[in-house]
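So you can see what is in the structure, the chains are spelled out below.
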Amino acid sequence: GAVVSQHPSWVICKSGTSVKIECRSLDFQATTMFWYRQFPKQSLMLMATSNEGSKATYEQGVEKDKFLINHASLTLSTLTVTSAHPEDSSFYICSARQLAGENPYEQYFGPGTRLTVT
Amino acid sequence: RKEVEQDPGPFNVPEGATVAFNCTYSNSASQSFFWYRQDCRKEPKLLMSVYSSGNEDGRFTAQLNRASQYISLLIRDSKLSDSATYLCAVTDFNKFYFGSGTKLNVKP
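Protein chains in written order, with this note's numbering: chain A, 375 to 492; chain B, 18 to 125.
Be careful, since some hints might not be right.
To be verified - Here are some of the chain A residues that sit facing chain B, going by a computed Cβ distance under 7 Å:
{"id": "1", "residue": "L418"}
{"id": "2", "residue": "N444"}
{"id": "3", "residue": "A446"}
{"id": "4", "residue": "I467"}
{"id": "5", "residue": "F483"}
{"id": "6", "residue": "P485"}
{"id": "7", "residue": "T490"}
Hints listed in this document are in silico derivations from the structure and should not be mistaken for laboratory results.
Just so it is clear, CB atoms sit at the ideal spot from N, CA and C, and this is done for glycine as well.
I would like the entire structure built from these sequences, with the hints used as guidance.
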């Protein structure tokens with residue numbers, strides 16, 4: 375159980391275009407999903423916390439107009455990187471927190487989306 | 018100051034060795050603690066939660082020291098397949114904070 379999927383797994387896009395990444399919890403409901411970014415040889419950096427039915431909470435330094443997050447249901451959150459630039463190239467990982475479970479603070483990670491902006 | 022700090026390593030050890038990693042956290046209000054394993058270009062996978070009483074899962078033992086605000090991971094009888102980056106994570110009911118990871122290379 376507790377499987378999280380992400381789509382696409384990798385994407386190459388041209389500078390100035392927008393890219394949408396989907397994060398789904400496949401076998402559980404997640405009121406909260408998290409979006410992280412990881413640059414090579416660095417740790418996961420939390421970008422935003424996505425709550426179902428409400429606006430996302432962005433971390434300091436993350437532009438909410440550039441990284442649009444929508445959490446329309448208990449099993450789906452999307453991250454749209456608008457007007458992508460080469461410096462946005464990174465590994466984007468989502469995670470989801472189960473509503474109930476042995477440890478409600480555990481997070482389950484999606485497989486990640488590798489974005490390359492040319 | 019970072020919320021969570023780890024020695025980046027790498028730790029280069031021979032097969033069969035015992036290796037230990039520590040991770041310190043700054044927020045005394047932290048409530049839950051975890052160790053994750055991350056392979057190159059993959060997402061982190063939960064290795065184990067860390068409880069106050071300490072917990073063991075096969076060759077892996079995790080411990081929490083609240084007074085000194087650190088968690089540890091001990092790997093016994095290292096296998097080649099244990100080579101990965103090990104991330105500690107700390108949560109205060111709201112957000113997760115990850116360490117930068119400790120790289121482990123197990124060599125034959």
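Going down the list of hints, with the structure as the test:
Nearest Cβ of chain B to the Cβ of A/L418: about 5 Å, under the 7 Å cut. The hint holds. Nearest Cβ of chain B to the Cβ of A/N444: about 20 Å, over the 7 Å cut. The hint is violated. Taking 7 Å as the C-beta contact cut-off toward chain B, the hint placing A/A446 at the interface is violated, the least distance being around 22 Å. With 7 Å as the threshold, the beta carbon of A/I467 comes within range of chain B, its nearest partner Cβ sitting at about 5 Å, so the hint holds.
Because the smallest distance between the Cβ of A/F483 and any Cβ of chain B comes to about 4 Å, under 7 Å, the interface hint for this residue holds. Against a cut-off of 7 Å between C-beta atoms, the interface hint on A/P485 holds, since the closest Cβ of chain B lies about 5 Å away. At a threshold of 7 Å, the smallest CB-CB gap from A/T490 to chain B is about 13 Å, leaving the interface hint violated.
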